[in-house]
Amino acid sequence: MTAPIANDAALLQFLLRMGDNTLILGHRVSEWCGHAPVLEEDIALANTALDLIGQTQMWLGLAAEVQGEGKTGDDLAFRRDVWDFRNVLLVEMPNGDFGQTLMRQFLFDAWHSIMLGRLQSSSNARVAAIAEKAGKEVTYHLERSGDTVVGLGDGTEESHGRMQTALDYLWPYVGEMFASDAVDAAMFDADIAPDPASLHSEYDQLTGRILTEATLTVPDTRFAHKGGRDGRMHTEHLGHLLSQMQWLPRAYPDAVW
Amino acid sequence: MIHEWPLWEIFIRGQHGLSHRHVGSLHAPDAEMAIKNARDVYTRRNEGVSIWVVEANNIAASSPGDKGPLYEPSESKVYRHPTFFDIPDDVGAM
Chain A
2 MTAPIANDAA
12 LLQFLLRMGD
22 NTLILGHRVS
32 EWCGHAPVLE
42 EDIALANTAL
52 DLIGQTQMWL
62 GLAAEVQGEG
72 KTGDDLAFRR
82 DVWDFRNVLL
92 VEMPNGDFGQ
102 TLMRQFLFDA
112 WHSIMLGRLQ
122 SSSNARVAAI
132 AEKAGKEVTY
142 HLERSGDTVV
152 GLGDGTEESH
162 GRMQTALDYL
172 WPYVGEMFAS
182 DAVDAAMFDA
192 DIAPDPASLH
202 SEYDQLTGRI
212 LTEATLTVPD
222 TRFAHKGGRD
232 GRMHTEHLGH
242 LLSQMQWLPR
252 AYPDAVW
Chain B
21 MIHEWPLWEI
31 FIRGQHGLSH
41 RHVGSLHAPD
51 AEMAIKNARD
61 VYTRRNEGVS
71 IWVVEANNIA
81 ASSPGDKGPL
91 YEPSESKVYR
101 HPTFFDIPDD
111 VGAM
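The listed protein sequences derive, respectively, from chains A and B.
For the record, in the first sequence the residue sitting at position 17 is 18 according to our numbering, with numbers rising by one throughout.
For the record, in the second sequence the residue sitting at position 91 is 111 according to our numbering, with numbers rising by one throughout.
Any given hint could be a false lead.
Stated by the list, open to error - Calculated lysine to any residue pairs in the SDA-like style (CA-CA distance at most 20 Å, straight line):
no.: 1; chain 1: A; residue 1: 137; chain 2: B; residue 2: 66
no.: 2; chain 1: A; residue 1: 227; chain 2: A; residue 2: 240
no.: 3; chain 1: A; residue 1: 137; chain 2: B; residue 2: 55
no.: 4; chain 1: A; residue 1: 137; chain 2: B; residue 2: 63
no.: 5; chain 1: A; residue 1: 134; chain 2: B; residue 2: 59
Unchecked claim - Some chain A residues near chain B, calculated using beta-carbon distances under 8 Å:
no.: 6; residue: 39
no.: 7; residue: 41
no.: 8; residue: 44
no.: 9; residue: 45
no.: 10; residue: 48
Keep in mind that the hints were calculated from the coordinates and are not lab data.
C-beta atoms are modelled at their ideal positions from N, C-alpha and C, and glycine is treated no differently.
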């Protein structure tokens, strides 16, 4: 463990991690708008994306306050460059086919629901309040993505194959959600957030149950791609996503609705 | 894909309503997903507190062609409306 970080700096990093996860995944999911295989799924995905963007407003809004540089949550979302983002790599992975999108969603939702559950007893009242509001939304996200993973995994030969491929592709990005560093240690010491590593066994239990029901095989590896949540390195996918997400406010900085 | 999913009729009980009202229909592979889809399609703007889904196949409906024999006979039976009675004031609103 490296040298301890001043509490406000660590809190800012923690809030960026929470808000960047929901921002990037929310944008990814919104890319399906108008393209989903059926109308019902299209609307459901758009609802999920909007929930995540709403949560982003709360996390990044608080992050901007803690940062104390007179910026807004929008500034953090739209005026930062790729190396300043703190989301886990999992959420920036491309949508792929519908199955891959829902597998990514499920793997994230499972972590998200456990994390938000713990954050509801955070010593920081603002964090606890955001977690409580977001928790209800994410409980539904997890129910829906879990059901779809089971439906497609235990479906036709074609859908089963695609879901197994998606799981094999995304599994190496799961481990990063449970990595702990000095920021996490500072949050844990201040009773603001749990140590991510402490969520791992509950996560394995939850995902194991659903993936077994989906007749899918969890890859036998603990190897994990890392670097997103500590900003060391992102995948090449994030830059493309940001160029699309940020071009309008950057091209027209004074644009308003 | 959509042709393999049955059609479901969706009934929602509103915030202040006592009965479920038909709001539309959608496709879903099973009843559970139909409820989830109904939640996403029909309660986005806080419309409901309860959802019923019925597979469209299971609804028996009267035939539009039978409109004459079914409904016209009642048109000439005004006495079936309780409008010929004087309601005592003590009864209040009915």
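Cross-check of the supplied hints:
Taken as a hint, the residue 137/A and residue 66/B pair is honoured in the structure, with Cα atoms around 15 Å apart against an allowance of 20 Å. A distance of roughly 17 Å separates the Cα atoms of residue 227/A and residue 240/A; the hinted pair therefore holds under the 20 Å criterion. Between the alpha carbons of residue 137/A and residue 55/B the distance comes to roughly 17 Å, so the proposed pair stays at or under 20 Å and holds. A distance of roughly 15 Å separates the Cα atoms of residue 137/A and residue 63/B; the hinted pair therefore holds under the 20 Å criterion.
With a CA separation close to 18 Å, the supplied pair residue 134/A and residue 59/B stays within the 20 Å bound. The interface hint given for residue 39/A is met, as the beta carbon of that residue sits about 5 Å from the closest beta carbon of chain B, less than 8 Å. With a cut of 8 Å, the hint placing residue 41/A at the interface with chain B holds, because the nearest CB-to-CB distance is about 4 Å. A least Cβ separation of about 5 Å between residue 44/A and chain B falls short of the 8 Å threshold, and the interface hint therefore holds.
For residue 45/A, the shortest C-beta to C-beta distance to chain B is roughly 4 Å, which falls under 8 Å, so the interface hint holds. Annotation: interface hint on residue 48/A holds; nearest CB of chain B at approximately 5 Å, less than 8 Å.
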